[in-house]
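These protein sequences, in sequence, are chains A, B, C and D. Each residue of the first sequence is one higher than the one before, starting from 1 at the first, in the numbering used here. Each residue of the second sequence is one higher than the one before, starting from 1 at the first, in the numbering used here. Each residue of the third sequence is one higher than the one before, starting from 1 at the first, in the numbering used here. Each residue of the fourth sequence is one higher than the one before, starting from 1 at the first, in the numbering used here.
For the record, the hints were derived by calculation from the structure and aren't laboratory data. On a predicted model such as this, the values are computed, not experimentally measured, just so you know. Treat each hint with caution, since some may be false.
[To be verified] Looking from chain A toward chain C, a few residues come up when the C-beta cut is under 7 Å (computed):
hint: 1; residue: Q167
hint: 2; residue: E272
hint: 3; residue: M289
hint: 4; residue: G372
hint: 5; residue: H394
hint: 6; residue: V397
hint: 7; residue: V401
[As the list claims (entries may be wrong)] Straight-line Cα separation of at most 16 Å, EDC-like style, residue types lysine to aspartate or glutamate; simulated pairs:
hint: 8; chain 1: C; residue 1: K385; chain 2: D; residue 2: E64
hint: 9; chain 1: B; residue 1: K138; chain 2: B; residue 2: E190
hint: 10; chain 1: C; residue 1: K104; chain 2: C; residue 2: E74
hint: 11; chain 1: C; residue 1: K12; chain 2: B; residue 2: D280
hint: 12; chain 1: D; residue 1: K385; chain 2: C; residue 2: E64
hint: 13; chain 1: A; residue 1: K12; chain 2: D; residue 2: D280
Positions of the beta carbon are idealized from the N, C-alpha and C atoms, including for glycine.
Number of protein chains: 4
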Amino acid sequence: MKPSTIKKKDKKLWAGRFSEATDPLVDIFTNSISFDYRLLPYDLMGSLAHLNMLARQRIIPGPEAKRIRSGLLEIQKEWNQGKLTFPLEDEDVHMFVEKRLRKKIGPIAGKLHTARSRNDQVALDLRLYLRDQIRDLKMELQSLQKTILETAKNQGHLVLPGYTHLQRAQPVILGHHLLAYLEMFSRDQERLSEVFRRVNSLPLGSAALAGTSFPIDRTQVAQALGFSQISPNSMDAVSDRDFVIEFLSAASILMMHYSRMSEELILWSGLEFDFVEISDAFCTGSSIMPQKKNPDVPELIRGKTGRVYGHLLGMLTTMKALPLTYNKDLQEDKEPVFDTVETLLNCTRLLSGLWSNIRFKAEVMEKAAETGYLLATDLADYLVKKGLDFRTAHQVVGTIVAYALERNLELRDLSLATLKTFHSVFKADVNTVLNLASAMSQRNSQGGTAPQQVKKAIREMEMRICSLQFDL
Amino acid sequence: MKPSTIKKKDKKLWAGRFSEATDPLVDIFTNSISFDYRLLPYDLMGSLAHLNMLARQRIIPGPEAKRIRSGLLEIQKEWNQGKLTFPLEDEDVHMFVEKRLRKKIGPIAGKLHTARSRNDQVALDLRLYLRDQIRDLKMELQSLQKTILETAKNQGHLVLPGYTHLQRAQPVILGHHLLAYLEMFSRDQERLSEVFRRVNSLPLGSAALAGTSFPIDRTQVAQALGFSQISPNSMDAVSDRDFVIEFLSAASILMMHYSRMSEELILWSGLEFDFVEISDAFCTGSSIMPQKKNPDVPELIRGKTGRVYGHLLGMLTTMKALPLTYNKDLQEDKEPVFDTVETLLNCTRLLSGLWSNIRFKAEVMEKAAETGYLLATDLADYLVKKGLDFRTAHQVVGTIVAYALERNLELRDLSLATLKTFHSVFKADVNTVLNLASAMSQRNSQGGTAPQQVKKAIREMEMRICSLQFDL
Amino acid sequence: MKPSTIKKKDKKLWAGRFSEATDPLVDIFTNSISFDYRLLPYDLMGSLAHLNMLARQRIIPGPEAKRIRSGLLEIQKEWNQGKLTFPLEDEDVHMFVEKRLRKKIGPIAGKLHTARSRNDQVALDLRLYLRDQIRDLKMELQSLQKTILETAKNQGHLVLPGYTHLQRAQPVILGHHLLAYLEMFSRDQERLSEVFRRVNSLPLGSAALAGTSFPIDRTQVAQALGFSQISPNSMDAVSDRDFVIEFLSAASILMMHYSRMSEELILWSGLEFDFVEISDAFCTGSSIMPQKKNPDVPELIRGKTGRVYGHLLGMLTTMKALPLTYNKDLQEDKEPVFDTVETLLNCTRLLSGLWSNIRFKAEVMEKAAETGYLLATDLADYLVKKGLDFRTAHQVVGTIVAYALERNLELRDLSLATLKTFHSVFKADVNTVLNLASAMSQRNSQGGTAPQQVKKAIREMEMRICSLQFDL
Amino acid sequence: MKPSTIKKKDKKLWAGRFSEATDPLVDIFTNSISFDYRLLPYDLMGSLAHLNMLARQRIIPGPEAKRIRSGLLEIQKEWNQGKLTFPLEDEDVHMFVEKRLRKKIGPIAGKLHTARSRNDQVALDLRLYLRDQIRDLKMELQSLQKTILETAKNQGHLVLPGYTHLQRAQPVILGHHLLAYLEMFSRDQERLSEVFRRVNSLPLGSAALAGTSFPIDRTQVAQALGFSQISPNSMDAVSDRDFVIEFLSAASILMMHYSRMSEELILWSGLEFDFVEISDAFCTGSSIMPQKKNPDVPELIRGKTGRVYGHLLGMLTTMKALPLTYNKDLQEDKEPVFDTVETLLNCTRLLSGLWSNIRFKAEVMEKAAETGYLLATDLADYLVKKGLDFRTAHQVVGTIVAYALERNLELRDLSLATLKTFHSVFKADVNTVLNLASAMSQRNSQGGTAPQQVKKAIREMEMRICSLQFDL
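Pulled out of the complex, with its shape left as it was, chain A reads as follows:
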């Protein structure tokens, strides 16, 4: 942002009442064209719909509308061909288009701004943009869901420890563990759809803040642009950024889920856990340590969680205590959205790639599940089924664990005779309880880790994933 990058410019389009030119630093500081140029295709889309309506309502004569339209289409073509550059002195994408149009077709370009203001125009552009991006994001997330589901189907039977407090707790199968993430993502899809519904409302026609005296037809514009709703109050329409915050909030929760998954991938790929091998293609090395293979992708995803949380908080702060209606502070709504969209799309695609190229180390995982008394709960449940109350059973088994721990034994290493010294109800059938496979198949409650439950859950999840709708 060096002053020299701004050329001496012609008077601003809004500067009728001004007697002094804007300070060059102010031009740079208040400009948004350096980032809102991304909205250009949406700005054109909105302008075309507005123009058609103005023409149909005879607010602009047909022939003039035709000329304006052809001008706009030309700009659209230039954008598609990557020909446009965006000088800072054009302030924002809206002024850029108006000035460019004026160059092409002369002063009647000025007729396009009839019955609208930048206030409702920018709200429109951002909604059009976000609608597209949410659709894309939902599709990328669906891909990730499918990839993980595929893993759950192919390798879901592998046994590993389930953890609480990062301490081995009870054995689970991989499919069960992966379904936990798929549940999270299902909720993310839901939340994104809900945000989408509130994004999908037409603000155009609210003009500066109070509506317009021209006989516009907002329904026409809404239909042309595919909006399911028309904003019912013009003052709200130009000052509402709930949809931005909601999106950032849904994005933050999604990133939180990614950070949890990333944490596990990082743990699992270290030598201590050693449950997985992430493909070389998703790791990087060290500039100094030749042996290093680092799980950079999940690490960076975990790190980017802070970035997205920061955007959410920033936007909430910006909106705090703003009086109605539009305030310049609202210009700060765009960059966090753009950056969050890009971050989410990248993280989602990367995780899809990573999960397609991961190798599980079945033996290491299973061995871990066999070590650390993960069947102690089963032993307590066994005692309960023999008539003890659960709390007493828990105490008995706790004492057995302490005994085994001291001797460096696992539960399955204890003889029936030894067990009997802790409680007389132990019988030979206790052996079936202390077997990993049978123990897991016992946890057959709805939503439990028993393979038959997991198989059912995978089938249901598959249907849920495949029936996701993106023509929201």
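Assemble chains B, C and D onto chain A, guided by the hints.
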């Protein structure tokens, strides 16, 4: 939190394998009973449903179940009578209930914990609590909506300046301004309903993390407790706190709306704006300045916005990068929810009270709307209707404003002759444009401030508010 | 917060100009006595200093000052004896004291408020409180530093893997690892001292916002209360809360450090790493899984990080865009400070206790350091010393690692002959490089992990810790 | 970030042990060159210092060092001439330099990386960068301080209302009000200096995490680069980002101050307050409303507060619970710093410009100070000086205000006779109290608004501002 407040205690219920007592400081630090006692009625409700299911599934014999039930009901009665105190050494509300039950009915109290863990139990309790609170909050918000709607109906015709950039922009009527807030609150209601739907899912039956080997029936429990869903994956069920974050996010947006409204109330009640008089009952004075009457209520609401944002951010931070499943960190989920619920209920009630006791100063408001060239846009639109393109019209009027400003005149003070010096198309009919009432009635686009539009919008809003559902 | 808990009360002390009583809900909502009672000893301390000055300046006659003083001292005694209760209708701690004083000594109690306002009074109280708490916190942190230093001295020679990206990177000794934390804490001590300096400024005498017309002597008061500075501008003094935010910021960084340490303690105490055994006294068990011993303390500390971040963020939000001077929003400054102080003191004490009762598993740690090619960098450095450029050396060793990995060998398992096939400069002296002890003693650069460096660093750290000053 | 923008590239410099190429998406995702190119001059500066040390320590032969040096200087020249472009496939600024150097001077380029790692290198670069930026920021802030001080000196005598709760409270003079901001900025300068001191520590020589076996001399490097300290622990040095968070925290407080000042500028420039006219050069207009002149600059500054808070929070989140030492998450430290630096520099410069071009409306301000009973406290103090206790005096004046309010009178409009009906001690001398000028000159306590106090405070502030040091 002084160590002396913890009494020497009996061994922990889970301490079978432990050889050393917990450090007293640890007991204090890790206890949650000092705040989660609020969940007691929900814990009992959940325990009763769990117990009935255990009995019906013959996991616990009927007569034992009967004794446990009567014990639980006794505790419920004690709670209702305000008789209970919660010593820190009881750790949490679950252990408190189990110990108290044991005192009443002996060791069979231990049977109640069959087929469940504190992990699924606390998730259940928090969901039951939040379900109730969201319902209450939605009802209080509806009251506020009705109060403001009433104001819109009674005083909606008053004229005041609409602002952008906190500069007078275009005249609006009060009803239009108030409807902007009602639109925000409508979205808040929607969001709360969506959160509610995801809160309303039964986690119980997930046990520690992997389900249970007892033949439980989760559907029975869900029906008994009125849940519309059963959590499909046990690992997710015990580690998911999305619903907490979602609630805090919806709460943050609601507080943001309150902060905007509060800002306006503060501005309006100062001598500079002087649009309203807030009732003495909603203001306080100064300990030193005898003349002061301060708008403490909206100020404090605005201030509490930070508190709720902080809770959202805190919870997002806490959840970042936690591996599955339950981690002790999750204990931090309760206080932010309790405090947010209390804050929101209070703010909502206070705003209802404040709006019921506010007096608008019609003359001051209208005078403000007449000063500051608020009809300049109308003048530009007039020129457009005479055939100028909007951009040129804008320039012409900008110059007229500069001219008037220099002479300390308003637009209506300029003679037709003077106007004609700026552009020849000005005709005598320009007078109708420069009239406040007629100008506003012209802004008759859908969602605009024209009185007929506002009246229609009020009718529709009334129907939306009255049709809100709380048996979600 | 139920309306019923407020009793019908006498007219407010500030209510001369008010014609209506405050709404009961407002009383509850705007009260701060429910939390600011903690400031009572500081309020008294400040009032006594103010009183003495008023007397010495002859603003209050000596005999009256004497009566007021004895009244204040009586209240102080009641506080020390734990006799006081704080009814909500007393609004805040200042009004509580004034009313209680009035009950004891009659209307001359009202003279105490001469030349001051609650605005400067509350700023004073909070600064006095925070000054004390920062001192305490610094002392507790020093204890923790000493405890960890002790561990570094006693067990600092143990070998463990140093990690980057949570992948084994290079071997380090425990003392070196612990010194990393001690460096963090040294910075925390510095930051707390800096905050202290800015807390330690006297706001009293600023009155409502503009100073006072009474001939007060602020220097006297500052000396009596031990302040090193007098606030130079009254408007700033009553609206400044930088010191609160600074404290919360220093607290957030400290919690961040604790969260990193906690993460490592959690990892290390799991079966996968298995480097440490945390004492039973600092762990808790599971209500359902009898074998569980959970590292609750570090988990909860990690979780509470979010809480403190949330307070920081909340306070920043609250202060955003507040016009000068005092606004009611500022009342929100106390609870986050109180809760943060309590959280930090607890976490610090708990970590001291935990570190005093931790057992390191030397063999497991060393074995981990021997597995995973942690000396690959040493091998590359060996090649550099033989004349290769570092980048080439890195490539050669990378290839060797790939070769060994495929054969499931460590570097030390490779024969000289094998190494020579990768590069001809390998000689017999390569063996000394591939030895853990000698490799570490080689990393003898300043601040490196070589035992002699670490010993020196421990000595220096000990001096830094012991020379910490708390009479700041 | 489209995959197509990455060209098929040569093998990574660290990829000896890798058998698969990095996924193109991963290259894009994990690259930092797209933003860390800003560090290039600092990277070169650090490399040159490192190189010289390596040569002097005979770790690299002199002639080779000479060639490397000339290569580095060439790159420096290219940077200064703006000739460099940074392809994504170069990963980061360090690899960019190494590869470019290799192109220039061949494989001995690889010798430069002897005894260092990217882990200590990036910490160095960021510290060098931030050291420079903090210096710049402190100088820009000093300019702003001087500009405001100038205003205080020239127009400091103007009278305006001082506000609490945004209600008129007591009259102050403009100089007094401005000094409140200058006090804030003085603290900001202090905080920035403190951060600077902790930034100013040399991490280089820590290598990957454990130091190096080469006989480096860190003191030489520190001196060459002007560091006042050498990081005492290598593990801390590569994983410490406290300095980033501290900077963001100091930045957040500064932005908070700017947001408060901006809020006041916005309020004051609206027609309701109408205290100031901001120059046209610092305002912008509306695309639709020809009369609008909006205070965009302060609005946007206020809005950007959220952005900076967000960066602080994001970074705190990213650092939470990271195990030692370097993790890829740390890569997220740069963008928030870059953006915060740019934001702060711009806001500071803009405010300087704005304050140089502001016009105060003395009459409007003074009239506001005369309306609204701003001397009620003076009247109460008058009664106290006549012997009433303050609380009683407050009540009496409160009642007088209520009386005047009802009759739409100001205090000065009340006759002595009327006053006497409220209390008999009122005498003719009461008139002197109810005079704006004399009332203000009475508030002569240290730090008060009396003109003589303010004059003294301005002199002292001038000395403080002029003695600010930037060769920190």
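Results for each hint:
{"no.": "1", "hint": "Q167", "verdict": "holds (6 Å)"}
{"no.": "2", "hint": "E272", "verdict": "holds (4 Å)"}
{"no.": "3", "hint": "M289", "verdict": "holds (5 Å)"}
{"no.": "4", "hint": "G372", "verdict": "holds (5 Å)"}
{"no.": "5", "hint": "H394", "verdict": "holds (5 Å)"}
{"no.": "6", "hint": "V397", "verdict": "holds (4 Å)"}
{"no.": "7", "hint": "V401", "verdict": "holds (4 Å)"}
{"no.": "8", "hint": "C:K385 to D:E64", "verdict": "holds (15 Å)"}
{"no.": "9", "hint": "B:K138 to B:E190", "verdict": "holds (10 Å)"}
{"no.": "10", "hint": "C:K104 to C:E74", "verdict": "holds (9 Å)"}
{"no.": "11", "hint": "C:K12 to B:D280", "verdict": "holds (12 Å)"}
{"no.": "12", "hint": "D:K385 to C:E64", "verdict": "holds (15 Å)"}
{"no.": "13", "hint": "A:K12 to D:D280", "verdict": "holds (12 Å)"}
Checked against the numbered hints given earlier, this structure breaks none of them.
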